[in-house]
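Engineer: Each residue of the sequence shown is one higher than the last, beginning at 961 in my numbering.
There may be inaccurate statements among the hints.
[Unchecked claim] As a list, the in silico BS3-like pairs of lysine-lysine whose alpha-carbon atoms are at most 30 Å apart:
no.	residue 1	residue 2
1	1243	1225
2	1157	1127
3	1157	967
4	973	1157
5	1243	1226
6	1198	1145
7	1127	973
8	978	967
9	1129	973
10	1157	1129
11	1156	1198
12	1129	1226
13	967	1038
14	1156	973
15	1156	1038
16	1226	1205
Since the hints were made in silico from the structure, they are not lab data. Everything numeric in this text was worked out from a predicted model, so none of it was measured.
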Amino acid sequence: MWGIVDKIPIEIKSFWWKYATSEEWVLSDINFSVREGEFVVITGPTGAGKTTLCLTMAGLIPYHYNGTLKGRVYVFGKDTTTLGSSDMASLVGIVFQDPESQFLTMSVEDEIAFGLENLALPLEDMRERVYEAARLVKVEDLLERAPYELSGGQKQRVAIAAALAMKPKVLVLDEPTGQLDPIGKEEVVNVLQSLKKQGITIIVVEHILEELAPFTDRLVVMNGGRILYDGDFRGFFKDAEEVFKSGVPSPQVVELTLLLRRELKKELEIPITLEEAEQMLNKLIPVKKFVQ
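Using the sequences and the hints given, assemble the complete structure.
Structural biologist: As structure tokens, then:
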């Protein structure tokens, strides 16, 4: 549906950025790339520069923000400073933490279609895109509803659908579950997992690592405007001291394993899912079967 482009979707080279209102660099010497079809999670403490990195990848920096930059950002081989807003929107879609801040219309259908109106598409093509995006995030039965009447999870799924309707090659989400209750978080996580299966390149800033770990290809950890780690989940959580320094909250299964390592003085492999943790515990504490 989104097609295959024989170039690296996102490539950032020695990128520095500071806002006009700041004396400090918000991003410092960022070198980062994303491959086609990857699902990348970016995490880190508040103020690490994660949102600014999202804005940079979506091309909103530097066009919509005043500041100073060094380095280059390439989207499918094109320097973002040479691309217009409509070109960027067709390449990278972005979804923010607060879905209501993105709503501009009075119905879900109109909200999903809003960005398409600037593309001068035939009406039938617009309708097809709206329904396809709604179906992908499972809001096709909400098209006649007002966005403001929906639950938090439904609102965020509508915001994702609005981005998908533009058929971007890359989807960037900045803490999409940050304001949601557990049910809403589960809805959004399920949508993200489904979109990964569609082969869409996804970059998501999040703190709910435990839920995303099973289908995440790479974990990127930021702090102080720099990338501290870029690799798989297990690799990062192997070093308890480095995890503590990063300010990143560990998933509960990781905390349990690190505790068992200290208490048992055994080198245990870090689990990243509940199923893996259960298997580890069963090996440590074999279940005895009693026969009457």
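Engineer: For each hint, tell me whether it holds in the structure or not.
Structural biologist: Outcome of the hint check:
1. For the hint pairing residue 1243 with residue 1225, the CA-to-CA distance comes to about 15 Å; that is within 30 Å, so the pair holds.
2. About 16 Å separates the Cα atoms of residue 1157 and residue 1127, which keeps this hinted pair within 30 Å; it holds.
3. For the given pair, residue 1157 sits about 20 Å from residue 967 by alpha-carbon distance, which is consistent with the 30 Å threshold.
4. At most 30 Å may separate the alpha-carbon atoms for a hinted pair to count; residue 973 and residue 1157 meet this at roughly 29 Å.
5. Of the pairs offered as hints, the one joining residue 1243 and residue 1226 holds, with about 13 Å between alpha carbons and a cut-off of 30 Å not exceeded.
6. For a cut-off of 30 Å, the pair hint linking residue 1198 to residue 1145 stands: about 27 Å separates their Cα positions.
7. For the hint pairing residue 1127 with residue 973, the CA-to-CA distance comes to about 26 Å; that is within 30 Å, so the pair holds.
8. Note on residue 978 and residue 967: the hinted pairing holds, with a Cα-Cα distance of about 28 Å set against a maximum of 30 Å.
9. Distance hint between residue 1129 and residue 973 is fulfilled; the C-alpha atoms sit about 20 Å from each other, no more than 30 Å.
10. Restraint check for residue 1157 and residue 1129: satisfied, since their Cα atoms lie roughly 14 Å apart, inside the 30 Å limit.
11. Restraint check for residue 1156 and residue 1198: satisfied, since their Cα atoms lie roughly 26 Å apart, inside the 30 Å limit.
12. For the hint pairing residue 1129 with residue 1226, the CA-to-CA distance comes to about 45 Å; that exceeds 30 Å, so the pair is violated.
13. Proximity of residue 967 to residue 1038 is assessed by CA-CA distance (about 9 Å); at most 30 Å being required, the pair is judged to hold.
14. Proposed proximity of residue 1156 and residue 973 is supported: the alpha carbons are some 26 Å apart, at most 30 Å.
15. Under the criterion of a C-alpha separation no larger than 30 Å, the hint pairing residue 1156 with residue 1038 is consistent with the structure, at around 24 Å.
16. Distance hint between residue 1226 and residue 1205 is fulfilled; the C-alpha atoms sit about 23 Å from each other, no more than 30 Å.
Hint 12 from the earlier list is the only one contradicted by this structure; the remaining hints agree with it.
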